[in-house]
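A.B. asks: Sequence:
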Amino acid sequence: MTGKTGIRPDAARGILIGGLVVFIAAPALLLVTGHDTIKPSSDSESGLSLWGALIPVLAGLLLVRGIPPKAPVLLPETTDRRGLGRQATALVLIAFGWPLALFLVAAAGYQALVRDVWALAKPLVFLVLPLVLLRTLRDRGEPDPFRLRAAWWPRRSRQWLAPIPAVLVFGWLYVLSPLAPPLPSTEDYPDPVYLAVGATLTFFTANVLEEVFFRGMLQTRLEALFGRWPGILLASLLFAWLHLATHGQSGSPWSGLPLTLGAIVVFQGMFGVFTGYLWSRYRNLVAPIAAHTAMNTLPLLLM
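According to this note's numbering, the stretch in the sequence shown is residues 92 to 394, in order.
A portion of the hints provided could be inaccurate.
[Unchecked claim] Ranges between beta-carbon positions, derived for each pair:
1. L211 <-> G347: 21 to 27 Å
2. P160 <-> A203: 45 to 51 Å
3. Y285 <-> G347: 41 to 47 Å
4. T180 <-> L215: 18 to 24 Å
5. L259 <-> A203: 34 to 40 Å
6. D101 <-> W209: 35 to 41 Å
7. R249 <-> L222: 25 to 31 Å
8. S248 <-> D101: 39 to 45 Å
9. L215 <-> L195: 31 to 37 Å
10. G347 <-> S248: 44 to 50 Å
11. L122 <-> L292: 21 to 27 Å
The hints are simulated quantities; they were obtained by calculation from the structure and are not laboratory data.
Because the structure is a prediction, the values reported are computed rather than measured.
In this text, a Cβ means the ideal position worked out from N, Cα and C, and glycines have one as well.
All chains should be modelled from the sequences, with the hints used to inform the complete structure.
C.D. replies: Here you go:
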């Protein structure tokens with residue numbers, strides 16, 4: 092049954108409860124198994140503590156909650172949700188199916204192939220294909236995704252200023268505070284050309300592209316269908332799932348699967364909750380991109 096806003100309350104409640112259970116169970120799993128320090132990425136030399144992952148996110152969430160304004164929704168509350176549902180389903184299939192395919196390829200022994208196609212295929216999988224599907228599957232009453240992108244660049248100065256404290260505090264806690272892992276050294280990346288190319292590629296394929304897809308495209312539609320927090324939690328779990336094949340915590344993908352799932356939910360998933368709340372609250376896509384850049388790129392710039 093659908094409410095006045097078009098949101099299905101039973102589905103929304105199920106997503107909300109299920110998402111909360113997963114986000115509570117993941118750190119509990121790591122603590123029970125003695126893995127309170129996990130590599131936040133596949134190429135990390137040093138580990139990040141569980142508190143080093145959770146405290147920056149919690150601090151950022153509190154600041155986002157406490158600093159107005161709350162931006163309006165981007166998608167109208169129409170009575171016909173079929174086109175929106177088709178769009179959301181297509182995006183969820185992309186977000187779930189691509190990482191699963193990569194994981195199966197890596198589990199078959201082709202980890203090098205996954206590393207080679209990971210960054211190169213992302214613009215096609217998470218930008219070109221979604222834009223084509225969104226335009227094809229929309230109903231007449233739904234906004235054109237190419238026009239919706241104008242909302243990703245807000246015009247109000249308050250939407251630019253309000254996210255700054257949360258992004259700065261998160262970046263300091265995650266990168267520079269005593270909770271942060273050691274910064275990479277020049278010995279970790281001896282070739283400055285390789286470092287520059289890698290940082291630039293990471294900025295566009297991860298910091299920008301992932302936020303455009305998971306927050307701008309996917310979460311916006313999930314929020315319209317199920318409400319704010321169910322949409323944020325589901326998009327964040329799918330964002331964590333994205334890192335399944337590339338952030339394994341052991342040599343064998345299958346034997347380390349429970350630990351890998353717990354780690355990506357705690358580190359990438361909780362980060363997705365923070366950037367998702369930034370997007371939902373302020374509707375300024377530059378804010379989550381800035382937070383993503385602080386997490387991925389700032390440590391390299393501080394070398």
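A.B. asks: Mind checking the hinted window 21 to 27 Å against the Cβ distance between L122 and L292?
C.D. replies: violated, 35 Å
A.B. asks: Confirm or reject the claim that L259 and A203 have a C-beta distance inside 34 to 40 Å.
C.D. replies: Holds, since L259 and A203 (Cβ atoms, about 38 Å apart) stay within the stated range.
A.B. asks: Range hint 44 to 50 Å: satisfied by the CB atoms of G347 and S248?
C.D. replies: holds, 47 Å
A.B. asks: Is 35 to 41 Å right for how far apart the beta carbons of D101 and W209 are?
C.D. replies: Holds - the Cβ-Cβ distance for D101 and W209, about 37 Å, lies within 35 to 41 Å.
A.B. asks: Determine whether the Cβ-Cβ distance between R249 and L222 falls within the hinted range of 25 to 31 Å.
C.D. replies: This hint holds: roughly 29 Å between Cβ atoms.
A.B. asks: Return holds or violated for the Cβ distance of Y285 and G347 against the range 41 to 47 Å.
C.D. replies: violated, 28 Å
A.B. asks: State, for the Cβ atoms of L215 and L195, whether the hinted interval 31 to 37 Å holds or is violated.
C.D. replies: The hint (31 to 37 Å, Cβ to Cβ) is violated, given that L215 and L195 are roughly 19 Å apart.
A.B. asks: Could you see if the CB distance from T180 to L215 stays within 18 to 24 Å?
C.D. replies: holds, 20 Å
A.B. asks: For the pair L211 and G347, does the Cβ-Cβ distance stay inside 21 to 27 Å?
C.D. replies: holds, 26 Å
A.B. asks: Quick check: does the Cβ-Cβ distance between P160 and A203 fall within 45 to 51 Å?
C.D. replies: Given about 48 Å between the Cβ atoms, the range holds.
A.B. asks: Is the distance from the Cβ of S248 to the Cβ of D101 consistent with 39 to 45 Å?
C.D. replies: Given about 40 Å between the Cβ atoms, the range holds.
Going down the numbered hints, you'll see the structure goes against 3, 9 and 11, while the others check out.
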